[in-house]
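Student: As they're listed, the protein sequences go chains R and X.
Using the working numbering, the first residue of the first sequence is number 1, and each one after it goes up by one.
Using the working numbering, the first residue of the second sequence is number 115, and each one after it goes up by one.
Hints are supplied without guarantee of correctness; some may be wrong.
[Said to hold, decoys possible] Straight-line distance between alpha carbons at most 25 Å, and here's what the computed DMTMM-like set of lysine to aspartate or glutamate pairs gives:
1. R:LYS101 to X:ASP187
2. R:LYS68 to R:GLU16
3. R:LYS56 to R:GLU16
4. R:LYS60 to X:GLU173
5. R:LYS101 to R:ASP55
6. R:LYS101 to R:GLU16
7. X:LYS128 to X:GLU144
8. R:LYS52 to R:GLU16
9. R:LYS68 to R:ASP54
10. R:LYS56 to R:GLU8
11. X:LYS123 to R:GLU42
12. R:LYS77 to X:ASP187
13. R:LYS60 to R:GLU76
14. R:LYS60 to X:ASP170
15. R:LYS101 to X:GLU186
16. R:LYS101 to X:ASP170
17. R:LYS101 to R:ASP54
18. R:LYS77 to R:GLU16
19. R:LYS68 to X:GLU214
20. R:LYS60 to R:ASP84
21. R:LYS56 to X:GLU173
22. X:LYS123 to X:ASP152
23. R:LYS60 to X:GLU144
24. R:LYS52 to X:GLU144
25. R:LYS101 to X:ASP152
26. R:LYS56 to R:GLU69
27. R:LYS101 to R:GLU69
28. R:LYS52 to X:GLU214
29. R:LYS56 to R:GLU76
30. R:LYS52 to X:GLU186
31. R:LYS56 to X:ASP140
32. R:LYS101 to R:GLU15
33. R:LYS77 to R:GLU42
34. R:LYS68 to R:ASP55
35. R:LYS68 to R:GLU42
36. X:LYS128 to X:GLU186
37. R:LYS77 to R:ASP54
[Said to hold, decoys possible] Residues of chain X clear of chain R, computed beta-carbon distances all greater than 10 Å:
38. ARG158
39. GLY167
40. PRO189
If you're looking for bench data, these hints aren't it; they were derived computationally from the structure.
Being a predicted model, the structure only gives us computed values, none of them experimental.
By construction, the Cβ of each residue, glycine as well, lies at the ideal position given by its N, Cα and C atoms.
Each chain is listed here by its residues.
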Amino acid sequence: GNSVTQMEGPVTLSEEAFLTINCTYTATGYPSLFWYVQYPGEGLQLLLKATKADDKGSNKGFEATYRKETTSFHLEKGSVQVSDSAVYFCALSGGGTSYGKLTFGQGTILTVHP
Amino acid sequence: NAGVTQTPKFQVLKTGQSMTLQCAQDMNHEYMSWYRQDPGMGLRLIHYSVGAGITDQGEVPNGYNVSRSTTEDFPLRLLSAAPSQTSVYFCASKQTGGAETQYFGPGTRLLVL
């Protein structure tokens, strides 16, 4: 079945540091890949997505590239801010019998200090 | 648009009690789903629906029932609550299509004693 593995957290950074959160996946066919973010006390909201190999999703300074050869979708940001402190989830949506269903990684807690 | 709304925000139950978690969306989305969020486990799919009158099981359906009588509403029922159902529950909706963005509600925090 489908699965998503995220790097172990939590991650603690100083403001303006570079961020990478690793995400790898296992899926049949050609899944769509997503990063969702959850701010404290809120639900999840889409941060970015990519629907085919070599696509790059980007939003709010965050980027991730769909790498089919390494089955990865790593999240990066060049300069984090305190307001980026949140939980980040990598997820995939497969085709076939898993149509529309999201499979999530375990989440990575990011804390950014001034 | 209100988006996806959930009630209640927080609930405490005793073991064996029943309750219904409400979910509604005003975006005319066909696809709706329920997830539970537990520490270190991400979100896991409980039940989903691809349209009114159609529901199916997700990864962790035991102990939960759903129905979909309208496009807008997708309630989740716990028939006999157990401590293992202590969790945060999220409802989500989206347009049909595998790559479409899912929109999540604010969540219901449930504590079963």
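Student: Does each hint hold? Answer for all of them.
Tutor: Going down the list of hints, with the structure as the test:
Of the supplied pair hints, the one linking LYS101 of chain R and ASP187 of chain X holds, its CA atoms being roughly 19 Å apart against a limit of 25 Å. The suggested pairing of LYS68 of chain R with GLU16 of chain R is violated, with an alpha-carbon distance near 30 Å, which exceeds 25 Å. Pair hint LYS56 of chain R plus GLU16 of chain R holds up; C-alpha atoms about 22 Å apart against a cutoff of 25 Å. Distance restraint check for LYS60 of chain R and GLU173 of chain X: the Cα-Cα separation of roughly 32 Å exceeds the 25 Å cut-off, and the hinted pair is therefore not satisfied.
Only pairs whose Cα atoms come within 25 Å are accepted, and LYS101 of chain R paired with ASP55 of chain R is accepted, the gap being roughly 21 Å. For a cut-off of 25 Å, the pair hint linking LYS101 of chain R to GLU16 of chain R is broken: about 35 Å separates their Cα positions. At most 25 Å may separate the alpha-carbon atoms for a hinted pair to count; LYS128 of chain X and GLU144 of chain X exceed this at roughly 34 Å. With a C-alpha separation of about 30 Å, the suggested pair LYS52 of chain R and GLU16 of chain R falls outside the 25 Å cut-off, and the hint is violated.
Straight-line distance between C-alpha atoms of LYS68 of chain R and ASP54 of chain R comes to about 7 Å, which keeps the hinted pair within the 25 Å bound. Among the hinted pairs, LYS56 of chain R with GLU8 of chain R is consistent with the structure: their alpha-carbon atoms are about 23 Å apart, no more than 25 Å. For the given pair, LYS123 of chain X sits about 11 Å from GLU42 of chain R by alpha-carbon distance, which is consistent with the 25 Å threshold. Of the supplied pair hints, the one linking LYS77 of chain R and ASP187 of chain X is violated, its CA atoms being roughly 38 Å apart against a limit of 25 Å.
With a CA separation close to 11 Å, the supplied pair LYS60 of chain R and GLU76 of chain R stays within the 25 Å bound. Under the criterion of a C-alpha separation no larger than 25 Å, the hint pairing LYS60 of chain R with ASP170 of chain X is inconsistent with the structure, at around 35 Å. A hinted pair counts as satisfied when its Cα atoms are at most 25 Å apart, and LYS101 of chain R with GLU186 of chain X qualifies at roughly 19 Å. At most 25 Å may separate the alpha-carbon atoms for a hinted pair to count; LYS101 of chain R and ASP170 of chain X meet this at roughly 11 Å.
At most 25 Å may separate the alpha-carbon atoms for a hinted pair to count; LYS101 of chain R and ASP54 of chain R meet this at roughly 22 Å. With a C-alpha separation of about 9 Å, the suggested pairing of LYS77 of chain R with GLU16 of chain R holds against the 25 Å cut-off. Between LYS68 of chain R and GLU214 of chain X the alpha-carbon distance is near 20 Å, which keeps this suggested pair within the 25 Å criterion. Our distance criterion of 25 Å between C-alpha atoms is met by LYS60 of chain R and ASP84 of chain R, whose separation comes to about 10 Å.
Our distance criterion of 25 Å between C-alpha atoms is broken by LYS56 of chain R and GLU173 of chain X, whose separation comes to about 29 Å. Simply put, LYS123 of chain X and ASP152 of chain X have alpha-carbon atoms about 16 Å apart, close enough for the 25 Å limit, and the pair holds. The suggested pairing of LYS60 of chain R with GLU144 of chain X is violated, with an alpha-carbon distance near 29 Å, which exceeds 25 Å. Distance hint between LYS52 of chain R and GLU144 of chain X is fulfilled; the C-alpha atoms sit about 24 Å from each other, no more than 25 Å.
Taken as a hint, the LYS101 of chain R and ASP152 of chain X pair is honoured in the structure, with Cα atoms around 18 Å apart against an allowance of 25 Å. Taking the CA atoms of LYS56 of chain R and GLU69 of chain R, the gap is about 15 Å. The hint holds against a cut of 25 Å. As the CA atoms of LYS101 of chain R and GLU69 of chain R are separated by approximately 23 Å, the hinted pair is consistent with the 25 Å bound. For the suggested pair LYS52 of chain R and GLU214 of chain X, the alpha carbons sit about 13 Å apart, so the restraint of at most 25 Å is met.
The suggested pairing of LYS56 of chain R with GLU76 of chain R holds, with an alpha-carbon distance near 11 Å, which does not exceed 25 Å. A C-alpha spacing of about 31 Å is found between LYS52 of chain R and GLU186 of chain X, which places the hinted pair above 25 Å, so the restraint is violated. Simply put, LYS56 of chain R and ASP140 of chain X have alpha-carbon atoms about 31 Å apart, too far for the 25 Å limit, and the pair is violated. Distance hint between LYS101 of chain R and GLU15 of chain R is unfulfilled; the C-alpha atoms sit about 35 Å from each other, more than 25 Å.
Straight-line distance between C-alpha atoms of LYS77 of chain R and GLU42 of chain R comes to about 22 Å, which keeps the hinted pair within the 25 Å bound. Taking the CA atoms of LYS68 of chain R and ASP55 of chain R, the gap is about 10 Å. The hint holds against a cut of 25 Å. Under the criterion of a C-alpha separation no larger than 25 Å, the hint pairing LYS68 of chain R with GLU42 of chain R is inconsistent with the structure, at around 32 Å. This hinted pair does not check out: LYS128 of chain X and GLU186 of chain X have alpha carbons roughly 30 Å apart, beyond 25 Å.
As the CA atoms of LYS77 of chain R and ASP54 of chain R are separated by approximately 18 Å, the hinted pair is consistent with the 25 Å bound. Listed as a non-interface residue, ARG158 of chain X fails to keep its Cβ farther than 10 Å from every Cβ of chain R; the least gap is roughly 8 Å. Annotated as non-interface, GLY167 of chain X keeps its C-beta farther than 10 Å from every C-beta of chain R; the closest such distance is 17 Å. Here PRO189 of chain X stays apart from chain R, with its beta-carbon at least about 17 Å from theirs, past the 10 Å limit.
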